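Visitor: Sequences and hints are given; from them, build the entire structure.
Residue numbers (UniProt numbering), protein chains in the order written: chain F, 1 to 1373; chain S, 1 to 213.
Take the hints with a grain of salt, since some may be wrong.
Heads up, incomplete: computed chain S residues facing chain F, CB under 10 Å, no partners named [what the hints assert, rightly or not]: (1) Ala93; (2) Phe142; (3) Leu193.
No lab work stands behind these hints: they were computed from the structure.
Here the structure is a predicted model, which means the values were calculated and not measured.
Quick reminder that beta carbons are idealized off the backbone N, C-alpha and C, glycines included.
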Amino acid sequence: MSAPEVPKQMSIKNGWGLQVATDPTASEGGPMGAFTATNAESRRIVPDDADGRPTYKIVYVVLESQYQSSMTAAVKRINAGSKNMAIECVGYLLEELRSAEGMAKFKEDVADANVFIGSLIFVQELAEKVVEVVEPQRDRLDAVLVFPSMPEVMRMNKVGQFTMKNLGQSKSVMGDFMKKKKKDDGSSFEEGMLKLLRTLPKVLKFLPSDKAADARTFMMSFQYWLGGSPENLESMMLMLGQDYVEEVKKNMAGKDRVEAEDPVLLPDKAIWHPVAPDIVFETPQSYFDWYNKDFCPDAGISTDSPVIGIILQKSHINTKDDTHYVSLISELESRGARVVCIYSGGLDFSGPVEEYFYDAAGNTIVDSVINLTGFALVGGPASQDHAKAVQVLQRLNRPYMCAVPLVFQSFEEWQSSELGLHPIQVALQVSLPEIDGAIEPIIYAGREGNTGRSVPLADRVSLLADRALKWSDLRIKKNAEKKLAITIFSFPPDKGNVGTAAYLDVFNSINAVMKELKGKGYDIGEAANMSTEDIIDSILNDKEARVNSPELNVAYRMSVDEYQELTPYAQDLEENWGPPPGNLNSDGQNLLIYGKEFGNVFIGVQPSFGYEGDPMRLLFAKSASPHHGFAAYYTYLEKIFGANAVLHFGTHGSLEFMPGKQVGMSGTCYPDRLIHSLPNLYYYAANNPSEATIAKRRSYSATISYLTPPAENAGLYKGLKELKELISSYQGLRENEGRGPAILNSIVSTAWTCNLDKDITDLPPTDTFDGKAISFEERDDIVGKVYQRIMEIESRLLPCGLHTVGVPPTAEESIATLVNIAQLDRPEEKIESINRVIASSVGKNIDDIYREANNGKLEFVELNQQITEASRAATRALVMQSTDSDGRVKEVKNVFDELGGMFGKMMGQSKPWTEAIKKAGFPDVEEERLEPLFKYLEFCLKQIVADNELGALTDALDGKYIRPAPGGDPIRNPDVLPTGGNMHSLDPQSIPTTAAVECAERVCNKLLERLQADNDGAYPESVAFTLWGTDNIKTYGESLAQVLALAGVRPVADSIGRVNKVELIPLEELGRPRIDVVVSCSGVFRDLFINQMNLLDRGIKLAAEADEPDEMNFVRKHAKEQAKEMDVSVREAACRVFSNSAGSYSANVGIAIENGGWESEEQLQNQFLERKGFAFNADKPGMMEQQADMFKAALKTVDVTFQNLDSSEISLTDVSHYYDSDPTKVVQGLRDDKRKPMSFMADTTTANAQVRTLSETVRLDARTKLLNPKFIEGMLATGYEGTREITKRLRNTLGWSATAGEVDNFVYEDANDTFIKDEEMQRRLLETNPNAFRDMVTTFLEANGRGYWDTDEDNIEKLQELYQEAEDRIEGV
Amino acid sequence: MRSFLLLLTLLPSLSSFLLPPTSPTKLSPLHDAPPSTSPPDINVADVEIPTSLPSSVGMDYVPLATMLATGSLVEADQFTRDALIKLAGSEEAGRTFVYFTEVKKIPKTDLATIERLWLKFSGGKFGYSVQRDIWNRQKGDFEKFCSKIGWTTKDGEVERKLKWFGASEFIYDVKKAPKGHLPLTSALRGTALIKQLLNHPVWEDEEWRKEPE
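Guide: Shown next, in the form of structure tokens:
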């Protein structure tokens, strides 16, 4: 065999299309898992007739199936043509090893194999299985070839004397290389391998030892493998046989050796086209010479038509498994578009993008880009360099779609799966590309079960082509001609709620958008001269009609005929809704589209789900469909109005929650049918990345994040304010034996009127208390506890008012956010919190201060307060430097670079913030220690005030790339800012992080301490958790880590840093019993983190199966009991991870409460159990099984329910989610003793993390929001929408009464005083939004009627009167 | 070379693209093709095979006529796809499939000859013109078209395309097959090909129906 030279460039045509051939063999055997119904038997080839030749056996395992046909063809060629050997060959798809049967067969096959080949084994748990089987056989095997894979698999490589056994450890050439590369990002590792491949043959020539020959064989084999064609693989197998397999070697003794052909390789990157003559193109010029001069004129494609850039994977071109690529190309070209299809040999596609998507002058030549590889742009499945990808895509500046080929599933498997795309693929090929800013994860190809080849899905490919062209249209069309459909929401469906969106002043924002569009040349018709009020009125009719008319403005009446003609799936809706038009969005004859056209902009109101008041539908909403009116709305946008794009306005609507698969829509999924070909933009709150992700995946939205309103400290009011003043007086006069006790008496009685007795259990009774009678220390103790409580309220952050798109916060408004950013230690950035630095200037540790203050030690409460004030003053000093006369931050002054600053320092003058801290009573604070923090704060300030919300919209409408950005809490992760980014979730395999695990342990310890304190030192046996998607994104998995921590399980990262293993913490180390857990995951969590559900389930099963005494392992204890009761194995009984069924979201308790359409609490509880009782099972991943009995059995033993609050702006009563999924009363109903479980909330929103009871948290929330004048006034400043927001808080409070019974009577009573008894307030509410006010009155009456609020008759009578008044007002009487 | 042709033709369904093996022992490319599912129901002796089978490029359509006349529909179907590859010039370009842009190169005369044979021997049930009518009635919706002509089947809830490789699920039976079921055109490389074929200029008027002298 000759040493390979630099690989020949080969024609892809030279006849080898012919040779890519296999024999279709019908697969045998039933399904082997939820997803992988194929099995390796379809890949087994046994020689028909070895004819005396020695036969050797090859077993291969691959991630993707495109090698199957080439391998099969190659083996058949050898068996038919070789004189020296025959081959038996069997191949496994990695995913097939998940099943016990698959593993057993694999083991059996490897046991008598001669050669093992593996490639792209990047799934940790499966990599372990491969090692488990192959490692014991390694010495016996004649050769083991593992191409890029997890290091532990790579280490099994063995070709003669060449090994990688010491990969990452030794000083061998390869080892060093791998080690060095491992430190770099994944892409350069891959690229490096390729580079090595090209140069190594030359190097090896100078190493004339056997070892070098073996190494050369390995590298040659890798080249053959990368070449992928049957000839290449044939050469590889011939070479391996004659040089390494004993039998074959013996047989060939004395005979001529077969000269294996040199590997034939395509260039590493090039432009490809299915009908190009002979060769791929290595320069754009050579491609366009052919494309523009020959192909396009012949095909009738004009040179000025849109150009779609397409990114392909080389292995599919090598193996000619390319029909799915050809399919998309032909769909595009047949629509008159031009294409530039590029590929890369490695997993870094950025190189060819940079090289081929630009003209000589450096201008982008493509109008939109579709990545068909399904991989992240840089790094593929191994490890990614998102920063590099974003940089490349930002320069390219075009919409970047990443479509997904089914890898582990056949078309039928995907089609019949409710989950849709395989979870591993979601993690690798949806989540990761999103971080690059990819949009529209449309499945476009499936795997043909028999042959493993990729086949296109015609309707999906067609949709993909349509969508790519519509994005290109946005680039090409003039603004004056573009039509935009702005869609607003109405939740719950009621006129008072039109224009609902979290934290957003929708109509003012729309007005801002309209004016921006006008400036960019769009035709906005009469809206150019309209105020926000005018716009509202024209949609809700005029100001009087808004009160009088029961209907919104009708933009279009669609006849039933027209509707049916234009809506291909209209008939499918009849099953649920009867024949059109039905009675929703209908006048009985026509379907009604609500909204109004302004020039080329249509503002429309998205119809409701339609089943809000229907308990049965709420229960089974998943099997429902949108109603005719809903479908008609989107038909109108696409086909009658003819929108070029739709903009969904604010968080969030219902399109993306329509029934269908979880991820990877099919043509029968409703979100897909509804949005169809329309480019979809979505303004989404920056703090809600999880639901934004649902919108991105299910309704193909490109999101544009907007800021939540600036947070302020809640402050104090009324009695609380008085208390603060009394405490100040007390501090001044505490040593005055006359005044001190007197003030204390006032403090105690005021605390009672403020209902603080609920929070301070040992608050002395006011009637008998006398401060004189107790000691000095005891007095301080009481004051300390009260002080601590009111400071807790005072410093609470609350988002004030509503955000308007494009309006950055003022300087003043930025301060509270910055103060909170400053409070967190950021060890990974080497930043100490401001509180820590200040505390240490007085020789204290901030953690001690927090602890003592929490215990109500007056001295520490006071010190903590001083530190807080000093930190506020310091932050204010920083902000003031950059504030202009309007109070806005214009340009952040970089004080560190300023010459003046330098000069000042030389003069011994300290920075303004240091001065502020000194002035606030901490003269010894160290300026140098503050410096890293303040540099960081300065950066954050820049981010807060930078604004690209309008800019990102107009860019997107120009067909440009939207910069991706993480979503979450700007305080924890300032990278969330600036807004105007296309939000993404995080790499699901990256959580929980080490920091999150540590934090989770701290919170769990706090919880257990608190519970032990309340229960004579006893541990709880079982804790029910609710896990949220956003919560886990923001905290990098803290709450899921809490679950593991309680059960005494530790997550373990694999060798490339992904968390996908768990291990038990030994009991000795844990030092307490394992606590049982019941995990209720939100539907969104299930969508985003199904791999983590797998982790949880495996962890819990580990605990259940650990051979430990019951009193030290409550998981096992309960599982054993259940196993006995239900007659199942302990493993099966250890079923603790639940969620909705696939494609279904929430318990719908929230919707029931929002519209009052529920009869008894029992109904709500049953709804919760029915909807949330679907179990995840790691032994059968990929499906959610209805297991309501298991769910009930697990909940029955629960002593404690527990949730997390992760950020200040979404608290208990801000949204319906928290109570929607709270199982407190459900557990009570299920427990044998009918005792209500204790309910706790962890609050990690501040540096001083807390675990509080649910009722404490509800009180805290009510005091900071619903009852707080600062909050109320902030809301009312936005009028119509503000009134609705206040009502919503009250409604959500009622939700807590219904699901947990943890709302104190005084909350309703005080709310009634604030909103109803206060005549002026009541009038304001009624006038700004009569519908919302009526809802508020209804809520009060409901609270009373359902027994949650006990009050006097006068109040009720007054409410009844007001109800009538509001009703009359609305009806226009 | 012939085997080459027959292998990579316009494959009939989305479900698979698999080529029979190229081992020298298997000379007939039809070796692996699914057998006709019903015996020929026409007695050859009773059937008149047209003698005038015009081609503007010298293609011999007697084999096709014979296959159709004897009810060898599998072979006739394969012959038809192979013929298109030659007629469209794809073979000459070194390719084993017709790209949609090449359809216009298929001569009217030849397409008309092929079509008349299919119509004649299927009693008007099979043929591109039959498919064209159905296509137009479905407003060019490929998915609906497929279910109309029986290229899809239902596995429980899931509607999927028929499989062609392995044991072919297509119905090579004039009586049992739905109208328009044959000939098969592959959508494996996109639906543009069949769209072009059904919109070939030959169908614009009724000229093609005229039997040649």
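Visitor: With reference to the structure, classify each hint as holding or not holding.
Guide: Each hint, compared with the structure:
1. A distance limit of 10 Å between C-beta atoms decides the matter here; for alanine 93/S the minimum to chain F is near 7 Å, and the interface restraint holds.
2. Hint status for phenylalanine 142/S: holds, given a least beta-carbon distance of 6 Å to chain F, under 10 Å.
3. Hint status for leucine 193/S: holds, given a least beta-carbon distance of 7 Å to chain F, under 10 Å.
No hint from the list above goes unmet by this structure.
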